[in-house]
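Let chain A serve as the given structure and place chain B on it in line with the hints.
Protein sequence lines correspond, in order, to chains A and B.
For the first sequence, the positions run 1 to 192 when the numbering used here is used.
For the second sequence, the positions run 1 to 248 when the numbering used here is used.
Hints are supplied without guarantee of correctness; some may be wrong.
Said to hold, decoys possible - Taking CB as the label site, the calculated pair distances span: (1) ALA77/B to ILE167/A: 42 to 50 Å; (2) GLU163/A to ALA8/B: 19 to 27 Å; (3) HIS195/B to ARG94/A: 17 to 25 Å; (4) ALA9/A to GLN167/B: 35 to 43 Å; (5) GLY153/B to PRO141/A: 52 to 60 Å.
Stated by the list, open to error - Here are a few chain A residues that face chain B, going by a calculated C-beta distance under 8 Å: (6) PHE30; (7) ALA36; (8) LYS38; (9) TYR152.
Hints are computed from structural coordinates only; laboratory data are not their basis.
C-beta atoms are modelled at their ideal positions from N, C-alpha and C, and glycine is treated no differently.
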Amino acid sequence: MGTVDVSEAHDRELVQRLRRGDEDAFRGLFGRYAPAAKALALRVVRQSHLAEEIVQEAFMAVWRNPDGYDSERGSVRSWLMGMVHHRAVDLVRREEAYRRRAEDSIPEAMQEQADHAQDVVEMLGLPEERRIVRAALDELPDEQRDVLLLMYFGGLSQSQVAERSGIPLGTVKSRTLLGMRRMRAALEGVRP
Amino acid sequence: MSLRDHQAIEELLAADALDALDPQDRARLERELAGHGDCEECRRLEVEFRDIAGRLAFTLEPVAAHPTAADRILERARGLPPVPLPPPAAHERPDELARRRGGPGRRVSTLVGVAAAIALLVGAFAVVANRTGGTTVASASPEQTVVRFTPTGSGEGELAMAYTPGQPGAVFWGSGLPDPGEGKAYEIWMITGDHPVSGGCVRPVDGSVAFSVDANVSSADTMAVTAEPGGCPAAPTGVPVLTAPLTA
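Next comes chain A alone, as it looks inside the complex (with noise of 0.2 Å):
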């Protein structure tokens, strides 16, 4: 879909080479993207150790079966994420006691680790990314940025963001929606 930037052209001959048992290529990629990974598993599920398990099982599968990645449909990063996401979902619905019993201790857990990846992060160039997307966050109204933060960082499914927002299934409905189409159309054609 539209043109594939620089970052995204290494990301494809990355898996090209993963695809011919490159174990170097599989090295870029996950020093690449596993502090993202990490952050966002760390997000969701709230522990370290289990977010640490998340990135190793959805990078095994990478490595593994690197033919799970189709062009056709987005990016390498998006495809990474997506399967680290999935997975930390599934974990949550399942095991929810894990996110709260952790909840206190995670915001300093987090910082701390940050600054050990903030360095390789700023090589890739992708504070920019997460400027651009920040900002994009920032400009949904509340009530469409709070449910869809619910949902991708929460883990929540859409009845359950009705639930405990107190908020009709439908509403919910319509601001992922409305919120989503704001996000495409702030983000299309914008990248670091």
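Showing chain B alone in chain A's frame:
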């Protein structure tokens, strides 16, 4: 298709990209996509929303992975070759997408030619099977071994596996298997000592399954099946419903 039709599917795809669909809406999405057939607009919406969802992950501050994590993954994977999947169809339905992205059924190849292989193996099995205790172990050919799983106290149904000792790959077939439950699938485990390794997940259709795995089951000393929630977890969360010792 009318604009209204795509609006309905757009709403579902937006939530699906966030992994936020409830089961009934997931089923509705499958019906909608099936109704749309080869739908370029549906593909476009799906890709765009998945891209948005993937980019949300980058709003977080990164968290360092362990410095040796990549090498540990490679170390674990050695001896387990990458699992090839057939090329994707022009447009797959969500259940197929779920399989590809790691949901129930991942690492299980429901191969096109598996039915023929099963027919041959079942035929051979019928001739030479020899029930010993609860588990039937037989040689389908000089190279192949057929193992029948035994239901545990909570299990029912029949499941058999054919493989060639020392070589990767095994074919499974079964019948009379109860529905594992909403959102659940049967997960195959290869257990060596007390270490279970997943062989993938599968959901029965009308109580029957027929699938293959690429793993080398010979390295295990016991095979087991559990009913697991969606996502095909890396470690079993339920008790075995079917087992088969490979040393019988």
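* Run the structure past the numbered hints and jot down the numbers of the failing ones, going up. => none
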